[in-house]
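Residue-level listing of the chains:
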Amino acid sequence: MRILYYFSIFAHQFFNMRLFSEIGRFVLMILSLFTKPERFSMYWKETMRQMVNIGIGSLIIVGIVSTFVGGVTAVQFSNQIMGLELIPMWWLGYIVRDSMILELAPTITGLLLAGKIGSNISSELGSMRISEQIDALEIMGVNTPAYLIGPKIIAGIFVMPILVTIAVALGIFGGGMAGVLGHYYSAQEYIRGNQDMFVPRFAYIMLFKASVFGFIISSVSAYYGYNVKGGALAIGEASTKSVVNSCILIIIANFIIASLLLS
Amino acid sequence: MIEIIDVKKSFGQQEVLKGISTIFESGQCNLIIGRSGSGKTVFLKCIVGLYAPDSGSIGFDGRDVIGMDRKDRQNLRKEIGMLFQGNALFDSMTVFENVQFPLDMLSHMSLEEKRERVAFCLKRVNLTGAEKKYPGEISGGMMKRVGIARAIVMNPKYLFCDEPNSGLDPKTAILIDDLIKEITIEYNMTTIVNTHDMNSVMGIGDKVVYLSNGLKSWEGSKNEIMHTENEDLYDFIFASDFLKGLQKAATGRK
Numbered sequence: 001m002r003i004l005y006y007f008s009i010f011a012h013q014f015f016n017m018r019l020f021s022e023i024g025r026f027v028l029m030i031l032s033l034f035t036k037p038e039r040f041s042m043y044w045k046e047t048m049r050q051m052v053n054i055g056i057g058s059l060i061i062v063g064i065v066s067t068f069v070g071g072v073t074a075v076q077f078s079n080q081i082m083g084l085e086l087i088p089m090w091w092l093g094y095i096v097r098d099s100m101i102l103e104l105a106p107t108i109t110g111l112l113l114a115g116k117i118g119s120n121i122s123s124e125l126g127s128m129r130i131s132e133q134i135d136a137l138e139i140m141g142v143n144t145p146a147y148l149i150g151p152k153i154i155a156g157i158f159v160m161p162i163l164v165t166i167a168v169a170l171g172i173f174g175g176g177m178a179g180v181l182g183h184y185y186s187a188q189e190y191i192r193g194n195q196d197m198f199v200p201r202f203a204y205i206m207l208f209k210a211s212v213f214g215f216i217i218s219s220v221s222a223y224y225g226y227n228v229k230g231g232a233l234a235i236g237e238a239s240t241k242s243v244v245n246s247c248i249l250i251i252i253a254n255f256i257i258a259s260l261l262l263s
Numbered sequence: 001m002i003e004i005i006d007v008k009k010s011f012g013q014q015e016v017l018k019g020i021s022t023i024f025e026s027g028q029c030n031l032i033i034g035r036s037g038s039g040k041t042v043f044l045k046c047i048v049g050l051y052a053p054d055s056g057s058i059g060f061d062g063r064d065v066i067g068m069d070r071k072d073r074q075n076l077r078k079e080i081g082m083l084f085q086g087n088a089l090f091d092s093m094t095v096f097e098n099v100q101f102p103l104d105m106l107s108h109m110s111l112e113e114k115r116e117r118v119a120f121c122l123k124r125v126n127l128t129g130a131e132k133k134y135p136g137e138i139s140g141g142m143m144k145r146v147g148i149a150r151a152i153v154m155n156p157k158y159l160f161c162d163e164p165n166s167g168l169d170p171k172t173a174i175l176i177d178d179l180i181k182e183i184t185i186e187y188n189m190t191t192i193v194n195t196h197d198m199n200s201v202m203g204i205g206d207k208v209v210y211l212s213n214g215l216k217s218w219e220g221s222k223n224e225i226m227h228t229e230n231e232d233l234y235d236f237i238f239a240s241d242f243l244k245g246l247q248k249a250a251t252g253r254k
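Heads up: the sequence lines are chains Z and V, in that order.
According to this note's numbering, the first sequence is numbered sequentially starting from 1.
According to this note's numbering, the second sequence is numbered sequentially starting from 1.
Please note that the accuracy of each hint is not assured.
[Unchecked claim] With a straight-line cut-off of 30 Å between C-alpha atoms, the simulated DSBU-like cross-links for lysine-lysine are:
1) Z:229 x V:8
2) V:171 x V:157
3) V:181 x V:114
4) V:114 x Z:45
5) V:71 x V:157
6) V:114 x Z:36
7) Z:36 x V:78
8) Z:229 x V:18
9) Z:45 x V:133
10) V:78 x V:181
11) V:207 x Z:45
12) Z:36 x V:181
13) Z:116 x V:133
14) V:123 x V:207
15) V:132 x Z:45
16) V:207 x V:78
17) V:133 x V:222
18) V:71 x Z:45
19) Z:45 x V:123
20) V:171 x V:181
21) V:71 x Z:229
22) V:157 x Z:36
Read the hints as simulated data drawn from the structure, not as lab findings.
Produce the complete structure using the sequences and hints provided.
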């Protein structure tokens, strides 16, 4: 029944052309970013500000979550393969590393930041829209999508891979700590596993995924925030929509990238 | 001079502006008045280009904004200053940075020149000493003055004010009105003020346009408005019992 319900919502949106209309407006918004900046230094300053906001502002939460995710992965796999003669325990290092690189770090960081950064971007732009700050910029002759949205998207694309790389490092560290402290394997065994069978292509896939997720989070949230109409309630709705849709798009993009690049 | 010819604007089925034509002369304070929901703000936003009218023409000294391409429109906007109803100041910037922002973004001035210009504008609106404060730390009247300073910092030819007195006490409202009037004369700007405050009309209104239900119901000077035969406008002006009493006493009108 639940599936039918969601299907009916999809069909309703589809046949009302709302979906096409939203996609069209989103594409137009992205196209409007490609204009000559009024003052390059101001755009550069805003991009740096966004990078600090997204990067430094998310470091602690990403660090905590990825360390524990690495730890949980190590403990659960250790319990599953413990006692199996065919799989040596030093493989845990390899399993945690590749799990973090290929799946856990990009996806969990993406979903985490969809909540944190996504809601932040949409509510910031939504408040600016409602308090007429965007209108004020328009009146000055500023290309508002380019100035307000462009730097956020650039920051998302470039900062996300850095955060994901940090998440991988901390996840591997967390896996090591959990396994060594839980007496599943020794530090030497874990490090050996970390160093064995490394495929550099996986790291490139991870960085690519992270950039795509960064783009999705920043652009989708900016789209909903920038187009807010109404009052405070509309900002809340835009924030919710941006988080939900970013999460869905991240999961879909994750599947597509994995299917295309790993097959 | 801003010439408006038969401007119409609808939102869905709702027709907000039903064909308005008028002329706003330069060096004057032109006031748009009307009840809430009469279409004042939509009209003002159509003039400045925030809303695209469905039909009609809007000419800024002969330049029609309706058919303008993006580049010309952006150039024209550099000649426009606007004071918003809610001030629209950037929360993350100080008073000084708010006023300096248009210069940073659009001018080719050196840093020193920009600082001098901002200091001059802040002094002009009597805000010297508040440069380092954030919008959240200053009063409503001060915010309006920051808004005016930001609106005039680029030395615009056209100044638009959307309900500049809303939320202010009567004394501060008069100060803001006087400031708008002085600046208009000083820089020979075409100023359009959107208001429903009769004190503003009597204080600074060189020309008054009264909107009612999306139509221009009356236009004239502030001296003519007190003797209007337009019943709708009369009701609007003398909505307060106090004013109505004074008018009846003065004119004997029932």
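Outcome of the hint check:
1. Restraint check for residue 229 of chain Z and residue 8 of chain V: satisfied, since their Cα atoms lie roughly 22 Å apart, inside the 30 Å limit.
2. The suggested pairing of residue 171 of chain V with residue 157 of chain V holds, with an alpha-carbon distance near 28 Å, which does not exceed 30 Å.
3. Taking the CA atoms of residue 181 of chain V and residue 114 of chain V, the gap is near 25 Å; set against the 30 Å cutoff, the hint holds.
4. A distance of roughly 18 Å separates the Cα atoms of residue 114 of chain V and residue 45 of chain Z; the hinted pair therefore holds under the 30 Å criterion.
5. Only pairs whose Cα atoms come within 30 Å are accepted, and residue 71 of chain V paired with residue 157 of chain V is accepted, the gap being roughly 18 Å.
6. Between the alpha carbons of residue 114 of chain V and residue 36 of chain Z the distance comes to roughly 23 Å, so the proposed pair stays at or under 30 Å and holds.
7. Our distance criterion of 30 Å between C-alpha atoms is met by residue 36 of chain Z and residue 78 of chain V, whose separation comes to about 17 Å.
8. Taking the CA atoms of residue 229 of chain Z and residue 18 of chain V, the gap is about 24 Å. The hint holds against a cut of 30 Å.
9. Straight-line distance between C-alpha atoms of residue 45 of chain Z and residue 133 of chain V comes to about 21 Å, which keeps the hinted pair within the 30 Å bound.
10. Restraint check for residue 78 of chain V and residue 181 of chain V: the C-alpha separation of about 21 Å stays at or below 30 Å, so the hint holds.
11. With a C-alpha separation of about 44 Å, the suggested pairing of residue 207 of chain V with residue 45 of chain Z is violated against the 30 Å cut-off.
12. With a C-alpha separation of about 37 Å, the suggested pair residue 36 of chain Z and residue 181 of chain V falls outside the 30 Å cut-off, and the hint is violated.
13. The suggested pairing of residue 116 of chain Z with residue 133 of chain V holds, with an alpha-carbon distance near 29 Å, which does not exceed 30 Å.
14. About 29 Å separates the Cα atoms of residue 123 of chain V and residue 207 of chain V, which keeps this hinted pair within 30 Å; it holds.
15. Proximity of residue 132 of chain V to residue 45 of chain Z is assessed by CA-CA distance (about 20 Å); at most 30 Å being required, the pair is judged to hold.
16. Restraint check for residue 207 of chain V and residue 78 of chain V: the C-alpha separation of about 25 Å stays at or below 30 Å, so the hint holds.
17. About 38 Å separates the Cα atoms of residue 133 of chain V and residue 222 of chain V, which puts this hinted pair outside 30 Å; it is violated.
18. A C-alpha spacing of about 24 Å is found between residue 71 of chain V and residue 45 of chain Z, which places the hinted pair at or below 30 Å, so the restraint holds.
19. Between residue 45 of chain Z and residue 123 of chain V the alpha-carbon distance is near 28 Å, which keeps this suggested pair within the 30 Å criterion.
20. A threshold of 30 Å between alpha carbons decides the hint, and for residue 171 of chain V with residue 181 of chain V the separation of about 15 Å falls inside it, so the pair holds.
21. A threshold of 30 Å between alpha carbons decides the hint, and for residue 71 of chain V with residue 229 of chain Z the separation of about 27 Å falls inside it, so the pair holds.
22. At roughly 25 Å between alpha-carbon atoms, residue 157 of chain V and residue 36 of chain Z fall within 30 Å of each other, so this suggested pair holds.
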